[in-house]
Each structure stands twice: as structure tokens, then as C-alpha cells.
Amino acid sequence: MTSLAALIPIALFLGLCGLAAFFWALREGQFDDLEGAASRILIDEEGEELP
Amino acid sequence: MHCASCMAKVERGLEQLPAVAKARVNLSVRQVRVAHHPALTAPELVAALEAIGFVSQPRLEDAGPAASAVRPLLAPLAVAGFASMNVMLMSVSIWSGADGGTRDLFHWISALIGVPATAYAGRPFFASAWRALRRLHTNMDVPISIGILLATALSLYETMTHGRTAWFDGTLMLLLFLLAGRALDAMMRDRARAGVDALLRQAAPGALVLTPEGELAWTEARDLEPGMLMRVAAGERLAADGEIVAGRTSLDQSLLTGESAPVPASVGEAVHAGTLNLDAPIDVRVSATGEDTSLAEIARLMEAAGQSRSSYVRIADRAAGLYAPAVHTLALASFAGWMIAGAGLYQSTVIAIAVLIITCPCAIGLAVPVAQVVACGALMRQGVMVKDGSALERLARVDRALIDKTGSLTMGRPAPDAIALVALSQRDAGIALALASHSRHPLSRALADALAGHSPAPLTDVTETPGYGVRGVWNGRPAALRRPDSAGTIAVALDIAGEPVRLIAFSDLLRPDCRTAIDELARLGVPSSILSGDNARSVAEVARAIGLTGQASASPRDKTEAIVRLQNGGHSVLMVGDGLNDGPALAAADASIAPGTASDAGRQAADIVFLGDSLSALPRSLRTARRTMRVVRENFALAVGYNVLAVPLAIFGYVTPLIAAVAMATSSILVITNSLRLVRAAR
Numbered sequence: 003m004t005s006l007a008a009l010i011p012i013a014l015f016l017g018l019c020g021l022a023a024f025f026w027a028l029r030e031g032q033f034d035d036l037e038g039a040a041s042r043i044l045i046d047e048e049g050e051e052l053p
Numbered sequence: 010m011h012c013a014s015c016m017a018k019v020e021r022g023l024e025q026l027p028a029v030a031k032a033r034v035n036l037s038v039r040q041v042r043v044a045h046h047p048a049l050t051a052p053e054l055v056a057a058l059e060a061i062g063f064v065s066q067p068r069l070e071d072a073g074p075a076a077s078a079v080r081p082l083l084a085p086l087a088v089a090g091f092a093s094m095n096v097m098l099m100s101v102s103i104w105s106g107a108d109g110g111t112r113d114l115f116h117w118i119s120a121l122i123g124v125p126a127t128a129y130a131g132r133p134f135f136a137s138a139w140r141a142l143r144r145l146h147t148n149m150d151v152p153i154s155i156g157i158l159l160a161t162a163l164s165l166y167e168t169m170t171h172g173r174t175a176w177f178d179g180t181l182m183l184l185l186f187l188l189a190g191r192a193l194d195a196m197m198r199d200r201a202r203a204g205v206d207a208l209l210r211q212a213a214p215g216a217l218v219l220t221p222e223g224e225l226a227w228t229e230a231r232d233l234e235p236g237m238l239m240r241v242a243a244g245e246r247l248a249a250d251g252e253i254v255a256g257r258t259s260l261d262q263s264l265l266t267g268e269s270a271p272v273p274a275s276v277g278e279a280v281h282a283g284t285l286n287l288d289a290p291i292d293v294r295v296s297a298t299g300e301d302t303s304l305a306e307i308a309r310l311m312e313a314a315g316q317s318r319s320s321y322v323r324i325a326d327r328a329a330g331l332y333a334p335a336v337h338t339l340a341l342a343s344f345a346g347w348m349i350a351g352a353g354l355y356q357s358t359v360i361a362i363a364v365l366i367i368t369c370p371c372a373i374g375l376a377v378p379v380a381q382v383v384a385c386g387a388l389m390r391q392g393v394m395v396k397d398g399s400a401l402e403r404l405a406r407v408d409r410a411l412i413d414k415t416g417s418l419t420m421g422r423p424a425p426d427a428i429a430l431v432a433l434s435q436r437d438a439g440i441a442l443a444l445a446s447h448s449r450h451p452l453s454r455a456l457a458d459a460l461a462g463h464s465p466a467p468l469t470d471v472t473e474t475p476g477y478g479v480r481g482v483w484n485g486r487p488a489a490l491r492r493p494d495s496a497g498t499i500a501v502a503l504d505i506a507g508e509p510v511r512l513i514a515f516s517d518l519l520r521p522d523c524r525t526a527i528d529e530l531a532r533l534g535v536p537s538s539i540l541s542g543d544n545a546r547s548v549a550e551v552a553r554a555i556g557l558t559g560q561a562s563a564s565p566r567d568k569t570e571a572i573v574r575l576q577n578g579g580h581s582v583l584m585v586g587d588g589l590n591d592g593p594a595l596a597a598a599d600a601s602i603a604p605g606t607a608s609d610a611g612r613q614a615a616d617i618v619f620l621g622d623s624l625s626a627l628p629r630s631l632r633t634a635r636r637t638m639r640v641v642r643e644n645f646a647l648a649v650g651y652n653v654l655a656v657p658l659a660i661f662g663y664v665t666p667l668i669a670a671v672a673m674a675t676s677s678i679l680v681i682t683n684s685l686r687l688v689r690a691a692r
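As you go down the protein sequences, you meet chains A and B in turn.
The first sequence begins at 3 in my numbering and counts up by one.
The second sequence begins at 10 in my numbering and counts up by one.
Honestly, the hints are just simulated from the structure, not real lab data.
Using N, Cα and C, we set each Cβ at its ideal position, and we do this for glycine too.
Examples of chain A residues lying across from chain B (beta carbon under 10 Å, computed):
1) Gly-20
2) Leu-21
3) Asp-34
4) Leu-36
5) Ala-40
6) Leu-44
7) Asp-46
Based on the provided sequences and hints, a complete structural model is requested.
Dropping the structure here:
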């Protein structure tokens with residue numbers, strides 16, 4: 003019972019973190035171009051865009 | 010643009026331009042967004058892209074896609090998923106025997122997650138149900154909303170009175186599946202629309218305007234005003250109606266009239282937006298822009314024709330119309346039945362809610378969109394884009410096809426006759442290629458394309474005289490590719506000094522697979538005929554070649570009337586067309602298909618747009634549409650079959666939450682699995 007009292011809030015908190023992360027990603031537009039995102043990983047960066 | 014290397018090429022290529030700050034490709038919609046210095050104009054960007062090897066069109070902002078219907082659904086979907094997983098965890102503990110204080114605690118936590126989550130994730134349904142109720146209609150969302158609200162309220166009551174069961178898990182699961190179906194539905198429409206949208210707005214986004222100070226400035230079409238003087242180069246489309254004030258040329262009006270032969274035009278003649286200037290630059294005094302052009306007039310005719318099609322009821326809506334009242338009656342009847350049997354108000358309500366929840370139209374809600382998403386994805390991979398899910402439903406019922414000639418059966422652009430090309434010697438072909446490659450005239454470009462395999466001859470002193478041709482010097486002898494002295498058809502003359510003039514005739518080639526596609530349509534029970542605005546002679550020529558009957562010289566109004574006549578005769582008509590003059594007919598037909606090279610209006614009015622040249626897209630779309638409808642019917646059978654099994658159990662009060670949840674999930678998964686069979690449907 004005592005372990006439950008700790009585990010349930012922890013589980014819920016972690017779930018909420020995930021949900022918050024999803025909302026953030028949604029707002030950042032990470033779902034706007036799913037096809038492009040899949041292909042973009044194949045582009046060789048020539049270091050010009052890296053800071 | 011279809012892979013990572015294209016993306017990299019476009020982005021890097023554009024970013025090398027000094028005036029470009031940033032270029033970002035969106036591969037899903039095949040667009041590139043460029044942040045650039047205001048001095049850089051759209052045509053310069055297009056030219057830059059062409060230098061990298063990509064054909065592009067600037068896109069007007071106001072032609073942007075309608076706001077995506079998927080995005081607002083994603084957040085509720087995520088919330089419903091999160092909440093249902095957590096609540097389900099609690100429920101499993103309760104089902105496996107937790108009771109007393111633990112059960113109450115779990116119920117309270119479920120309520121704490123479930124109530125706000127239901128309120129948030131259920132909004133799309135509540136809003137739609139409310140809209141329907143306010144207009145005294147019902148739709149599928151009404152029983153869903155009532156079921157969810159009642160179940161949530163009763164669960165809360167149970168929780169507060171230390172009851173044995175609560176249904177937060179059931180309602181959240183229901184929301185999850187329904188939202189998933191809705192999101193899939195929206196995704197399909199979006200995806201296809203985005204693809205089509207990227208093709209839209211190809212013709213004349215603007216024009217070079219000659220200012221009173223004598224300067225040339227690029228002006229977007231919406232900023233053009235009557236009285237302005239625009240300079241239209243050879244090979245450019247007109248952005249507005251007007252009158253020629255200087256220059257003499259021939260115009261390709263096939264977009265407006267369907268007539269493929271060039272029409273000569275000189276000073277004083279009226280010209281229309283959308284026509285292509287072929288020979289020489291002209292100055293045009295703008296008389297009408299935007300809404301006032303004859304182009305817009307046809308668009309209005311098209312809109313009127315489109316009204317008739319919007320009355321079409323989609324299968325899903327028809328099912329909902331039958332389903333919602335049936336479910337309501339059933340729930341009400343079981344409530345009344347148990348009351349009469351003396352079960353008490355509380356137990357009767359519980360059973361009525363169980364009936365409402367277990368008849369959850371999850372599977373029915375998924376039946377149509379999943380099948381259509383999968384089928385449209387399959388077609389998309391074959392270069393066929395479906396703009397609207399209901400197009401597949403309408404296309405599947407089609408039993409007559411009317412096909413426009415110019416641009417639909419034929420390529421819509423002149424190509425040199427193969428026989429004339431073969432007759433050219435290796436040397437002549439080299440000279441012709443070298444001359445043609447110096448000009449941007451459509452005939453020269455077509456000739457250069459056709460002769461691409463040859464090696465161009467070395468030329469000096471090449472000059473182009475607009476409206477006349479290209480001349481140069483080869484081995485000390487003057488050579489010219491010029492307008493023929495007299496010719497009944499479209500042709501160019503290859504004139505090498507001291508040798509007889511060679512005439513290269515041009516004609517509008519039939520699309521590849523034309524014959525086989527038409528034959529296959531006929532085998533599928535859809536006989537075709539030609540409906541063209543072009544003159545009788547050229548229609549007869551094509552009709553003979555393919556073995557079809559045809560109607561020639563049809564105005565946009567004639568075409569619409571021909572379709573309505575067939576429809577009144579009980580036929581379901583498929584229209585295939587590309588031109589602006591086909592727009593109203595495309596909108597009036599039961600289903601319509603346009604090639605990707607079609608005019609804006611054509612693509613806008615058509616349900617389906619195919620890329621590439623081959624006409625085999627027609628039978629392919631038809632076959633896929635029919636298979637999709639077969640799968641949709643199977644899906645409905647599965648979903649209804651599930652209800653027939655589950656509903657009696659619920660009515661007689663045997664349904665535990667576990668059984669309800671498992672049954673619900675199973676029926677939805679069955680429907681999804683069945684729909685996945687369409688993955689290869691478009692092969």
C-alpha cells in the first residue's frame with residue numbers, strides 16, 4: 003500500500019512528462035514534414051550549418 | 010523532388026545565392042520556403058532552381074492549403090491515449106480483485122485522470138454533436154457524446170457512493186479509437202490536398218509591368234490593375250485580360266478553348282488571362298484582372314456545377330444516419346425493458362449505458378477512413394493523388410467516361426513527327442539541335458528534347474528573331490530554323506544555305522498507354538467517348554486512332570450539358586480533362602480526373618490528379634476505387650457483425666467492463682487489419 007502511494011504518483015508524473023514533451027514537439031512543428039524528416043538524416047552536413 | 014539528395018541539392022543550391030538567407034524544404038508537400046532579400050524576385054528563384062535541375066513554380070500565399078484538420082486532433086488523441094493507458098492500469102487492478110478502500114482510491118484516481126481527459130479529448134465530438142442537435146439533426150457524434158457524458162456522470166456517482174464499477178476506462182478507450190479514426194480520415198484528405206495544392210497556381214502568378222518611367226518591374230497577379238502595361242515574353246502565360254498594344258505573335262489558347270493550333274494575334278486584339286504567348290514578346294494593356302477575367306467567369310460556372318456534387322452523401326454519413334437512431338432506440342428500449350422487469354432506475358440506467366458504449370461505432374467510424382487512407386496511400390505511390398475520400402466512392406460507381414482530347418488523350422503540347430525526324434541525316438539533326446537549343450520557343454524546345462541523343466553541330470553568330478526563328482552560321486554556311494513559308498499544320502523549316510528546305514511537322518502526340526487504358530476501362534464496364542472543344546477535324550483524327558466516338562467544338566457549357574444529359578439518363582459519369590474549359594464539366598461529373606499538367610482550374614475541379622504522362626492512371630484509379638469500396642463494405646459487415654453479437658449480451662446485462670473493452674478493441678483491430686489489404690491495391 004505504501005509503495006503504491008509512491009508509485010502511482012511517479013507513474014502519473016512520468017506519463018505527464020511524456021505528454022508535455024509531445025505537446026512541445028507538436029507546437030515546435032516537428033510533425034509538419036514527416037517524410038522530409040525521415041530523409042533529412044541521409045544528408046551529409048558539411049559542417050557549414052554547425053555552430 | 011523526392012529524396013534526401015534532392016532536398017540537399019535544393020537547399021544548398023539556393024543558399025549559395027547571395028540574396029538567400031535560408032531555404033528549407035518540406036518534402037511531404039514538395040515545397041521549399043525561402044527567406045531572401047526583397048530584391049530577389051520569384052522568377053529569379055525559379056530560374057535558380059531550374060539551373061540546379063528542378064522545375065518549380067512560385068506559390069501565392071493566398072492559395073495556401075486549408076488549415077490542416079489533423080493537427081487539432083493530435084493533442085486530444087495524445088491526451089486520450091495517455092489517460093486511457095493509466096486508467097486501464099487502475100481498472101485491471103480493480104478487476105483482479107481490489108476492493109474496499111483500495112478500490113475507492115483507484116476509482117478516485119481514475120476519476121481524477123478520466124474526467125478532465127474526457128472533457129478535453131471529447132471536445133471534437135461534443136462540438137459536432139451540439140452543432141447537429143442545434144439544427145435538429147443527429148449524426149454519429151450524438152450517441153457517442155450522450156454515451157460518454159452519461160457514462161462519465163454515472164462513473165462519478167459510483168465513485169462517490171463507493172460503488173463496484175466505474176467506466177472511465179471504457180469511455181477513454183472509446184475516445185481513443187474514435188479520435189484515431191477521425192485523425193486518419195483528416196490525414197488522408199490533407200495529404201492528398203497538399204500534393205495537389207503544390208501543383209496549383211502554376212499559370213501566370215504575375216507579369217513584368219512596364220512602369221510610366223519606362224522600367225520593368227515584376228508584379229504579382231493580384232497587384233495588377235486595369236490600365237497597366239505588361240510585357241509578355243514568348244513562352245509566358247498572360248496573367249490578366251487585356252488588349253495588345255505592341256507586337257505581333259501567335260497565342261496558344263488551348264487552356265481556354267481546347268483548340269490546340271496557335272491563333273495569330275496582333276495589335277488591337279483582345280487577349281485573355283491564361284493564354285500562352287508563343288512567338289514574340291508583346292505589350293498588353295491590362296483591361297481586367299483577378300475576378301473580372303474570362304478565366305474567373307469560367308471558374309464561377311465551375312462553382313455552380315460543383316454545387317450539385319456537394320449534395321452527395323458519403324457512405325459513412327449514410328451509415329451514421331441509420332445507425333444513430335437505431336442505437337438510441339435500442340438503449341432506450343433496454344432501459345424501458347429493465348424498468349418494466351422491475352430492475353430499478355439505477356440498474357436500468359447502467360444497462361442502457363452499457364448498450365450505448367458497447368455499440369460504440371468505433372469500428373464503424375474506422376471502416377471508411379482506414380480503407381481510404383490505405384488506398385490513397387497506395388495510389389499516391391503510383392503517382393495518383395486523390396483529393397477527397399468521397400471521390401473513391403463516387404468513382405467506384407461510374408459507368409460512362411467522357412475524355413477531353415487536348416492535354417488529356419494527347420500530351421497537350423506539340424512534338425515533332427517521328428517520321429520527319431528519322432528522315433533527317435545525322436548532320437542535319439546536329440544542326441537542328443544546335444539551333445533549337447538556342448531558343449526558348451516551345452517548338453524549339455520540343456525539337457531539342459526529341460533530338461537529345463544527337464551531338465549538336467558547332468555554330469557561330471547565332472541570333473533569334475522573335476516570330477521568325479533562329480539563324481546561325483555552320484561551317485561558313487548560313488543555317489536557320491525558321492517559320493515555314495506556308496504550312497497548313499504546325500511545322501518548322503530547317504533551312505541550310507544551298508540545300509533544299511526541310512520541313513519538320515509537329516503534332517500533338519497521344520499519351521502513352523492511351524489505347525490500352527481505354528480498352529481496360531471498357532473491360533471494367535466503363536465505355537468512353539471524346540468530348541472536346543477542339544475542331545472537328547483534329548478530334549476525328551484522334552477518335553479514329555483510338556477507336557472512340559467523339560463530340561467536337563464543345564463549349565464549356567456544352568460539356569456540362571452533355572454530362573447532365575447522361576446523368577439524367579441514369580448514368581454515373583467520369584470526366585477526364587485538363588483545360589480551363591473542362592473545369593465546369595469536371596465539377597459537374599460524378600467523378601473527375603485531371604493530369605498533373607492540367608490548368609489550375611482543371612486541377613482544382615478534379616477529384617483525382619495523376620502525375621506522369623501515362624493514361625494507365627485511369628483504369629488503375631478505377632480498379633483501386635472499386636477494391637476500396639469492397640473493403641469498406643467488408644468493414645461495415647465486420648463492425649455490424651460485432652454489434653449483433655455484443656448487443657444482446659449488453660441488453661441482458663452480461664457485459665463486464667473487461668469484455669466491453671476487449672470486444673471494442675478487437676472489432677477495431679479487425680477493421681484496420683482488413684483495410685491493410687489495400688496496401689498493394691494500386692499495382
